[in-house]
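Read off the chains here:
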Amino acid sequence: MKLFSKLSAIVASSALALTGLVAIATPAKAADCTGTVAIMAPLTGGVAFIGKEQSGFAQVAIADVNAKNGSKIEFKEYDTQLDAAQAATQAPNIVANKSVIGVVGPAGSQEVLAVGGLFGANDIAVVSPSATRTNLTAGTYPSFFRPIPNDGLQGPGNARYMVQTLKAKEVAVIEEKTAYGTGLAKEFLAEMKKLKVKATNFAVNEKNADYAAVVTRISKTADFVFVTFQDAAKSQQVAQELIKQKKKAVVFGSDGSDQPTFKTPGTYVSGFAPDVSGLAVAASAVAAYKAKTGATSITTFGPPAYVAAQVIAEAAVRACAAGKTGDRATVLAEIKKTKIKKTILGGPLEFTATGDVKGGRFYIFQTQKDGSRKSIG
Amino acid sequence: MDYLGQQLINGLTLGGVYALIALGYTLVYGVLQILNFAHGDVYMIGAFLGFFAMTWLGGPLAPTVPVALMLLVMFLIAMMGTGLLGIVIERFAYRPLRNSTRIAPLISALGVSILLQNGALLIFSPSIRSYDTSSYIPSTLGFSVGELTIDSVRLGVLVLSAVLMILLTKWVNGTQVGRAMRAIAYDKDAAVMMGIDVDRVIRWTFFVGAALAGAAGVMNGLLLRGVSSGMGLIPGLKGFTAAVIGGIGSVPGAMLGGLLLGVIESLAQGYLSTNFADTITFILLITFMLFRPNGILGRPMMVKV
Numbered sequence: 001m002k003l004f005s006k007l008s009a010i011v012a013s014s015a016l017a018l019t020g021l022v023a024i025a026t027p028a029k030a031a032d033c034t035g036t037v038a039i040m041a042p043l044t045g046g047v048a049f050i051g052k053e054q055s056g057f058a059q060v061a062i063a064d065v066n067a068k069n070g071s072k073i074e075f076k077e078y079d080t081q082l083d084a085a086q087a088a089t090q091a092p093n094i095v096a097n098k099s100v101i102g103v104v105g106p107a108g109s110q111e112v113l114a115v116g117g118l119f120g121a122n123d124i125a126v127v128s129p130s131a132t133r134t135n136l137t138a139g140t141y142p143s144f145f146r147p148i149p150n151d152g153l154q155g156p157g158n159a160r161y162m163v164q165t166l167k168a169k170e171v172a173v174i175e176e177k178t179a180y181g182t183g184l185a186k187e188f189l190a191e192m193k194k195l196k197v198k199a200t201n202f203a204v205n206e207k208n209a210d211y212a213a214v215v216t217r218i219s220k221t222a223d224f225v226f227v228t229f230q231d232a233a234k235s236q237q238v239a240q241e242l243i244k245q246k247k248k249a250v251v252f253g254s255d256g257s258d259q260p261t262f263k264t265p266g267t268y269v270s271g272f273a274p275d276v277s278g279l280a281v282a283a284s285a286v287a288a289y290k291a292k293t294g295a296t297s298i299t300t301f302g303p304p305a306y307v308a309a310q311v312i313a314e315a316a317v318r319a320c321a322a323g324k325t326g327d328r329a330t331v332l333a334e335i336k337k338t339k340i341k342k343t344i345l346g347g348p349l350e351f352t353a354t355g356d357v358k359g360g361r362f363y364i365f366q367t368q369k370d371g372s373r374k375s376i377g
Numbered sequence: 001m002d003y004l005g006q007q008l009i010n011g012l013t014l015g016g017v018y019a020l021i022a023l024g025y026t027l028v029y030g031v032l033q034i035l036n037f038a039h040g041d042v043y044m045i046g047a048f049l050g051f052f053a054m055t056w057l058g059g060p061l062a063p064t065v066p067v068a069l070m071l072l073v074m075f076l077i078a079m080m081g082t083g084l085l086g087i088v089i090e091r092f093a094y095r096p097l098r099n100s101t102r103i104a105p106l107i108s109a110l111g112v113s114i115l116l117q118n119g120a121l122l123i124f125s126p127s128i129r130s131y132d133t134s135s136y137i138p139s140t141l142g143f144s145v146g147e148l149t150i151d152s153v154r155l156g157v158l159v160l161s162a163v164l165m166i167l168l169t170k171w172v173n174g175t176q177v178g179r180a181m182r183a184i185a186y187d188k189d190a191a192v193m194m195g196i197d198v199d200r201v202i203r204w205t206f207f208v209g210a211a212l213a214g215a216a217g218v219m220n221g222l223l224l225r226g227v228s229s230g231m232g233l234i235p236g237l238k239g240f241t242a243a244v245i246g247g248i249g250s251v252p253g254a255m256l257g258g259l260l261l262g263v264i265e266s267l268a269q270g271y272l273s274t275n276f277a278d279t280i281t282f283i284l285l286i287t288f289m290l291f292r293p294n295g296i297l298g299r300p301m302m303v304k305v
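Protein chains in written order, with this note's numbering: chain A, 1 to 377; chain B, 1 to 305.
Bound-form chain A, shown alone:
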């Protein structure tokens, strides 16, 4: 009897272990494929419209992936106000939330600098739809990715466009002293030096409110003023002040100025994403976003957030298929293997070893008389 009990126990425990092994190795059913995508975005504050658009598009992407795969991936919003300190406050909450499998965001480079290390140490993938500072993909943050090009392309690209296409002979730069603004200005100035075009730099504090004194310093012979603000109202103020002080220079804003408040006709702005309004591949996502939020127009900030969320959610589905539901390290490994033939941005998506998009480029727009933007390069 004793022997029987022992044998029974061995058989039972073996069966249990076997069942467990089978359970581990068996891919999860689609309905059991769960996880939470954290959306870090400026949902309040001066640029709340960016956060709302990014969050809206990310939610549409998650819903699309769930509809396609039968998964039950959820999202949770974390407000950063485009502020590094606020992002650093939210990051530990995201790490502590065990259901989080990846992060869409943060929006700003300075925020990534503040939280990238913590997420990397916890194997949480961070896919930012708008952080363009070049050194974010220098290897310091192994879990960082972006579906958009970096400032290493934007700064020199804008400089070359200004000189080679717009025939600029002299340029002024207003460098806003932020992680984003300083990095971009540095890239731009280095390219101008290579192109042997005179470029004068004016560094300004982020809290500066009146740009009249700075505009007074800009030479009357300057052709363009390249600005690296993240608040387009400042770019608009500089453009208007140039007109008031009868200076011929035209404002050329970086992607931070790609907002509706910057609307002086004739000005230029570069964007890290194309205008997807006319792209057939983006039509359904744009329609879903507009229906969900009631928005009547979109900027270039939203669509890359769709791609960022799509990347994480699809990687999570692949992790589920490998029997690793909700495992952060597996999701991270799957994101590295991302291969999308055509995203809603109109092109394919693959990441380099350091998390940059392969073959990325910036787009140049010119503001028209009615304030709309025309893609010109």
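Treat the hints as calculated values from the structure; they're not laboratory data.
For glycine and all other residues, C-beta sits at the position ideal for the given N, C-alpha and C.
It is possible that some hints are incorrect.
[As the list claims (entries may be wrong)] Every beta carbon over 10 Å from chain B, so not counted as near; a handful from chain A, in silico:
1. Asp32
2. Asn66
3. Ala96
4. Asn135
5. Pro142
[Unchecked claim] Label-pair restraints from in silico Cβ distances:
6. B:Arg102 to A:Lys290: 55 to 65 Å
7. B:Arg98 to A:Thr89: 36 to 46 Å
8. B:Ser135 to A:Gly278: 23 to 33 Å
9. A:Thr221 to B:Leu272: 18 to 28 Å
[Unchecked claim] Non-contacting residues of chain B with respect to chain A, defined by C-beta distances greater than 10 Å in every case (computed):
10. Ala53
11. Gly58
12. Gly59
13. Val65
14. Leu76
15. Arg95
16. Ile114
17. Leu115
18. Lys188
Start from chain A and add chain B according to the hints.
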């Protein structure tokens, strides 16, 4: 020379706005000896009221009344609204603490400041509003003398600041309330014994100080960039700095301090560094606090022993 002239114009315009904010600090300090740190947020509310008045009249793209009338209404609504807000703040945040320790109203002021900022965030949403001035006042409209240019908005701000400062000086020196205000600032107890209604005069002081901040808020909206709930902090601190430089408690001192601060800031940006203008401003504040705490026109405080 033209370059210097242009920077002086930039500085004087900015200084006019600082001076109007500084006057609010100085009036309240002169009468109650308290620092009303909610004043920068009253300025923010003024900017919002001006914006909503403009929207009510059709907005920047399609004003339903002549532009001059729209501007007048914007200023009147902002000044009346903030003036009344000033009275409410005095009644509920300062009057109950009038006989308490000196730190109590200061803490109350910080509380009101946070309340106003967060209230504005909740009610007006976090979006930045733009006065979009160039839509109804063309940026090309203005005067040029040689290389020197002054656009109509800057000129208007400069003239209006000067008019408001002159009117305030006349009000303080030439009206019964103004005289009562000076009497209270000189010796409150004696003023009470002379039959002056202190509460009424203090109400007037808060009304006028806050109304000037409201006007400064509209000027900021017309002159500079967007209007948002956090916009009051730095101009509020600069208004305070201007009041200290001029001599807190002194009306001409606040005007002088504001204009001086604007010019120094502009010249610092023009000749020294575009990046460190704020640093220079606050170094100036510390320097005055250390070496001339009574400011340029302030009088040393006499204490009975």
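So, going through the hints one by one against the coordinates:
no.	hint	result
1	Asp32	holds (38 Å)
2	Asn66	holds (30 Å)
3	Ala96	holds (26 Å)
4	Asn135	holds (22 Å)
5	Pro142	holds (34 Å)
6	B:Arg102 to A:Lys290: 55 to 65 Å	holds (56 Å)
7	B:Arg98 to A:Thr89: 36 to 46 Å	holds (38 Å)
8	B:Ser135 to A:Gly278: 23 to 33 Å	holds (28 Å)
9	A:Thr221 to B:Leu272: 18 to 28 Å	holds (23 Å)
10	Ala53	holds (20 Å)
11	Gly58	holds (18 Å)
12	Gly59	holds (14 Å)
13	Val65	holds (23 Å)
14	Leu76	holds (25 Å)
15	Arg95	holds (33 Å)
16	Ile114	holds (15 Å)
17	Leu115	holds (17 Å)
18	Lys188	holds (37 Å)
In terms of the numbered hints stated before, the structure departs from none.
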